[in-house]
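**Student:** Next come the chains, spelled out residue by residue.
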Amino acid sequence: MDYIIQQVINAIQLGSIYGLIALGYSLVYGVLSMMNFAHGDLFMLGAFFCLLLEKIIPLPLWLALLLTMLVIGCLGALLERLAYRPIRHAPKVSAIITSLGCGLILENITLAMSPYPRHMPTLFQNSIFHFHGITISSLQIIVIGISLLLMILLDVMIRCTTLGMVIRALAWNRLMVSLLGIPANRIISFTFALGAALGAAAGLLYALTYPVVSSSMGIAIGWKAFIAAVIGGIGNMRGALLGAFILGSTEVMSITMLPSTYRDLIAYSLLLIILIFKPYGILGEPPTQKI
Amino acid sequence: MIRLLDEFRCHFAMLRKHTIGLTRIFHTDHLRRSGSQMDTALISKSSSGSMDSYSRRQTSSLALPHQPSRPPRHDQYEISGLTSFYLVVLGGCSSFVIPELCSNYITCILITLAINAILCVSLNLINGYMGEFSVGHAAFMAIGAYGSAIITVKILPLIPFSLSSFLTFPLMVVAGGLLAALVGIPLALLSFKTRGDYLAIITLAFLMIVKSALENISYVGGPRGFLGIPPLTTLPWVYFWAVVTFWIMRHFIHSKWGRSIIAIREDEIAAEAMGVSTRSAKMMTFVISSFFAGIAGGLFAHQIQFINPSSFDILRSTNILVMVYLGGVASLSGSLVGAGVFTILYQILQPLGVWRMVTMPLLLVLLMIFRPRGIMGYQEWSCFKLKE
Amino acid sequence: MDFTPEKQSPILEVSLLNKNFGGMRTIIDLSFELAPKECLGIIGPNGAGKTTLFNLLSGIIRPSSGKILWFHQEIQKKSSSEIVHLGIARTFQNIRLFKQLSVLENIRIAYDIHLTYTPLQALLRTALTREEEKKSAQAAMELLDVFSITSLAHQPAGSLSYGDQRRLEIARALALHPRLLLLDEPAAGMNESEMYQLVELLQWIQKKFHVSMLLIEHHMAFINGLCDRTLVLDFGTLIAQGTLEEIRHDRRVIEAYLGEAVT
Ligand SMILES: Nc1ncnc2c1ncn2[C@@H]1O[C@H](COP(=O)(O)OP(=O)(O)OP(=O)(O)O)[C@@H](O)[C@H]1O
Ligand SMILES: [Mg+2]
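Chains as they are written, first to last, in my numbering: chain A, 1 to 291; chain B, 1001 to 1388; chain C, 2001 to 2263.
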């Protein structure tokens, strides 16, 4: 029993990191109907940036988090401006290829500059609590806490602010929004920045939990979160979280039962199986088409 | 029912016989009824219809400025069927001569080029002609490579008598291709339900599954890879396979199934409404495409003699994508050009080391932004066309 | 006109057809019949469900309940392409040509359902394949000739004028050699003279090809020129049927178009 609760906590921890990244995928998809494959690499860059930051000046966690989110957010907006905006009206295939290409560019630049995985320093004194046979570390509490906080902030922003309303409106009809005199382009950039910032935060939290940072993280972890977003129904925020927790618990379960090399196999098989039965994800809806 | 259809066909045949007469009647009808149409009808009846089509083109381009019109075809380099046959024979002869005359390096590059061309044209079938999006092509290649390597290394030695590799090699390659085609079937089934983004994700997931499955099978060496594959791939062989691939692809594209998948690319619902069985067309496309990717994989394995799962990762798929979108979508000539330019570029960029892996995706992104249809997109050299 | 629907057995029977989109009932208990060689007009205000009816008949969407009998065979569960093979072809309200392909290629894709070669024969391009391909190219050209758009054969379909695009769509549907042609607002966006030409063309097609037709149109003159009988749909229900003259005086039809009379 204790063991199960322990695993549930692990699943929540992993799920919340996936969730943060998946929200970034879904945000961008919601606004532009575009799968941003490069998002996983922004997550990876988030971890790297934080590492670099700590190497230069050791900052407290909250400051490091804010700085990382800010810088990677700007990078996300820049990416949108340079690579995605020129092809916004091109066929969907172009968008997929471009984002795939951008992701690989970011990954390989990082690889070229830092060929070996690096160790992440600890940012705070990690203490471990025991109650009734369950161990929980302050790290876990912080990771889950920060993720939940960010998710709640995002939800409030999307649902209760004017900006959030505009973002939701963009998801419905981009042309109409710009006709209303709203600077659609700026909002889109902002959404990208927001998504990237969430991804970067996840990168930091991930690096704290599993303190090895490498350039392949973007594909190994970032794309997992992508699976999560797709499982839940991409473009749907709740779906993204649902998918993240499903994936997180599946992975935690599989790690306890199978060798860790099966992790990818199981995650991607889960995706395929779910898409076979729900081609547009659990909460997603097929696009309607007027004939 | 059948009788009725037959009857109907008869009517149509009859119509065909009388078309010319009827058309004339029809034209005079127009002349009588509406004076404004008179000159158009007259011009289109006269043998020099160029004026007519010119004026129509003018008006239509005014009416639909955003319409992506297909660029004119390159007909000035007319190559007859016989000439292209001679060219193929010439190429065949030189594929025997070149390894004798030139350095190993050049032979090696040429072999890679041919393999790349096979990969490129097989992916072009799905991405260019059918307009679907597959990111998982490296997976088919992997299956072909591992399949044929297993047969060469593990199964053939079990046979008590020895066979000449001249006989067995094509069979092994075909076996690899068939295996890949077999695996292509479930992917085709999935493409019935989904398309666009979601199909792209499915192919991606498929690639990851194949790769991590190979990593977990110790029979094929797991993550360490598969060693000791004999170097059977020679220039004449890859040349042979490349010619076969392009020959068959050309026939496929100019058949009713080829037209079906192009119709699916343009408008899937309209294609269905024109009697295209989208399912069987997609199935055939995926099977053929994965078969040739498997062939390329088999040739690749016997060229470099060592394969491991990470040689079939997303970067490999991206490289094939670069070839397709560089050379030109929906074009056989483009596939050849793309494979050629890519292979040479890849060699030139060798000194960059790891940075080469940055340049290839960068090239892809730049292509998407500045010339999404590639060098030869939607165009064809005449030797790749078929005359009716 | 020697047409008497009672004497011939109908080729198409629709009975108690229903279609719901979520909670919205778009087609409600619709029943009607179509006699051989008949041209049946369908009119109704916007959103009445006319196009939805065509989508049901052509297999693009499945009905929620009800039957569609085509030569006494149920077709409501068949896919779009199977229905085409049975002899029902359609055009679309918002033109759905293969825009980037040439006019000729558009026709040839439709004509392909008559080609019989097998995949293997296609890949090896045997004599049969070559012969059939040649025939299909010729037949497509001839069809273009009938529609007098031969000179446009190699233009991309998307670059044609609106009227020509509509005609090409009809030509493309005819290349399937259908027994029933479903035309969804074929004259939309045409000017007066183009419309009259189209009426003539359709009359001629009907005579020569012996096709039956279902015709959705908002121009009464167009219906008048072609159809013997007309159905009136409103909010998915059949509110009247008969000749145009009969319909014109039907109280419910007037209400549907002009709104209810204030009492
Ligand atoms: N796929 C769909 N999903 C949901 N609702 C639909 C769908 N297709 C049609 N409808 C609805 O069904 C109703 C009937 O539409 P339909 O297109 O059949 O009308 P119509 O009679 O052809 O009108 P028009 O004269 O404007 O062409 C409309 O209210 C439409 O919004
Ligand atoms: Mg309609």
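Everything labelled a hint here was simulated from the structure, so no lab data went into it.
Glycine included, each C-beta is placed from N, C-alpha and C at the ideal position.
Any given hint could be a false lead.
What the hints assert, rightly or not - Here are the simulated SDA-like pairs of lysine to any residue, each with C-alpha atoms no more than 25 Å apart in a straight line:
(1) K1385/B <-> A2127/C
(2) K2078/C <-> Q289/A
(3) K2135/C <-> H1251/B
(4) K278/A <-> A2127/C
(5) K1193/B <-> I2060/C
(6) K92/A <-> G1221/B
(7) K2078/C <-> F277/A
(8) K290/A <-> K2135/C
(9) K1193/B <-> T288/A
(10) K92/A <-> W1237/B
(11) K2134/C <-> G1091/B
(12) K1385/B <-> H2154/C
(13) K2077/C <-> I2061/C
(14) K1385/B <-> K2135/C
(15) K1193/B <-> R159/A
(16) K1385/B <-> K2077/C
(17) K290/A <-> K2134/C
Unchecked claim - Which bits of chain B does chain A cover? Going by a derived footprint, with three or more residues having C-beta under 8 Å, they are:
(18) 1122-1128
(19) 1194-1203
(20) 1208-1216
(21) 1240-1250
(22) 1334-1342
**Student:** Look at each hint and say if it fits the structure.
**Tutor:** We went through each hint and held it up to the structure:
no.	hint	verdict
1	K1385/B <-> A2127/C	17 Å, holds
2	K2078/C <-> Q289/A	20 Å, holds
3	K2135/C <-> H1251/B	17 Å, holds
4	K278/A <-> A2127/C	45 Å, violated
5	K1193/B <-> I2060/C	14 Å, holds
6	K92/A <-> G1221/B	39 Å, violated
7	K2078/C <-> F277/A	22 Å, holds
8	K290/A <-> K2135/C	36 Å, violated
9	K1193/B <-> T288/A	14 Å, holds
10	K92/A <-> W1237/B	38 Å, violated
11	K2134/C <-> G1091/B	30 Å, violated
12	K1385/B <-> H2154/C	16 Å, holds
13	K2077/C <-> I2061/C	9 Å, holds
14	K1385/B <-> K2135/C	18 Å, holds
15	K1193/B <-> R159/A	33 Å, violated
16	K1385/B <-> K2077/C	40 Å, violated
17	K290/A <-> K2134/C	36 Å, violated
18	1122-1128	violated (count 1)
19	1194-1203	holds (count 7)
20	1208-1216	holds (count 7)
21	1240-1250	violated (count 0)
22	1334-1342	violated (count 0)
Comparing the model with each earlier hint shows violations of hints 4, 6, 8, 10, 11, 15, 16, 17, 18, 21 and 22; every other hint is respected.
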